[in-house]
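Engineer: Sequences are here, hints too, so could you generate the full structure?
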Amino acid sequence: MLEGQRPFNPEVLTPYAVPDVRPPMGIGALVWRYTVLIPTVEGGHDGEVRSVATEMDLERLRQMFCAHFGGLTILNRIPGYGWRDPQDLASLELNLHVPFAVYARPVTASDRYFERLQQELQEALVQGLITVERQEVLLLGRSTASPVTRRLPRPTDPALPPPPPQPS
Amino acid sequence: MQERQMSFDPRPQETASGNGSQNSQAAGEGTRRPDLYVIRIPDEKERVRAMGALLDVNEPWVSTVGNLYGLNGRHMKALQARGIAFEWVSKPPAHA
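Protein chains in written order, with my numbering: chain A, 4 to 171; chain B, 2 to 97.
If you're looking for bench data, these hints aren't it; they were derived computationally from the structure. Don't take every hint at face value.
One side of the interface only, derived from the structure: several residues of chain B facing chain A at Cβ under 7 Å [to be verified]: (1) R48; (2) N59; (3) V63; (4) S64.
What follows is a set of in silico ranges between Cβ atoms, one per label pair, in the way DEER data are often shown [unchecked claim]: (5) A:G46 - B:P61: 21 to 27 Å; (6) A:V44 - B:P61: 15 to 21 Å; (7) B:A95 - A:L92: 51 to 57 Å; (8) A:G47 - B:K92: 44 to 50 Å.
None of these values were measured; they are calculated from a predicted model. A virtual CB, placed ideally from N, CA and C, is assigned to each residue, including glycine.
Structural biologist: Spelled out as structure tokens, the structure:
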């Protein structure tokens with residue numbers, strides 16, 4: 004574990020998990036697929052290897068995504084490397100990430116959710132940047148009309164929480 | 002993702018060679034069962050242990066509400082090798 008690291012806290016995402024983020028599903032549905040790269044191992048030029056996200060952290064993430072979005076796909080681990088200082092070869096860092104892929108409704112509320120998640124993961128796992136990707140996905144197919152009906156927000160819809168504060 | 006995303010082509014599948022597939026073991030005459038299973042892991046401690054076992058397999062898997070897991074035969078072997086307690090939701094393989 005890294006110095007200052009703490010367990011991931013899914014409770015901070017609860018205010019952002021508004022019903023609107025849950026994805027529409029079925030032929031013709033348009034969704035955003037978010038892929039969150041969770042670091043599990045990192046190592047430096049010195050050969051020292053440190054664990055980052057624990058199995059408990061990953062299980063909490065799995066449970067949270069199931070509760071908020073209905074489910075997720077956990078993909079093959081991805082290796083990565085880079086130099087913190089491109090001029091300093093000794094600043095090489097290597098890491099392994101587990102990608103968590105989640106479908107969400109293509110609305111601003113989904114972006115806010117994942118921005119807050121990114122912030123929480125960066126703080127809990129003591130990471131400079133947790134990579135969160137967003138891709139647009141159209142579920143193609145020949146079928147009957149789309150089950151998805153678009154609508155504007157209603158006054159009775161729960162209000163979105165404000166965007167997470169940005170570090171100065 | 003929703004559970005229905007885990008659906009597979011119900012037509013007979015070709016058995017891949019050399020990957021330890023259980024298809025041939027579960028196959029009936031003229032049909033091959035996809036090497037896919039749905040299980041439930043009710044206990045939280047077991048789910049944490051399962052996370053480690055499934056990551057070691059390093060192949061994609063899915064999970065949905067209700068602590069359901071959509072796994073392949075190699076995932077199932079990893080869970081069974083570690084003695085992780087789970088419940089079958091889909092029909093278990095013939096040798097299970």
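Engineer: All the hints need checking, so say for each whether the structure fits it.
Structural biologist: Each hint tested on the structure:
Residue-level restraint check for R48 (chain B) holds (minimum Cβ-Cβ distance to chain A is 5 Å; threshold 7 Å). The interface hint given for N59 (chain B) holds, since its Cβ lies 5 Å from the closest Cβ of chain A, which is under the 7 Å cut-off. The beta carbon of V63 (chain B) is positioned within 7 Å of a beta carbon in chain A (closest approach about 5 Å), and the interface hint is therefore held. At about 6 Å, the closest approach between the beta carbon of S64 (chain B) and any beta carbon in chain A falls short of 7 Å, and the interface hint on this residue holds.
Distance hint for G46 (chain A) and P61 (chain B): a CB-CB separation of about 25 Å, consistent with the stated range 21 to 27 Å. Look at V44 (chain A) against P61 (chain B): about 19 Å separates their beta carbons, and that is inside 15 to 21 Å. Checked against the given bound of 51 to 57 Å, the beta carbons of A95 (chain B) and L92 (chain A), roughly 55 Å apart, stay inside it. Distance hint check: the CB atoms of G47 (chain A) and K92 (chain B) are about 48 Å apart, consistent with the given range 44 to 50 Å.
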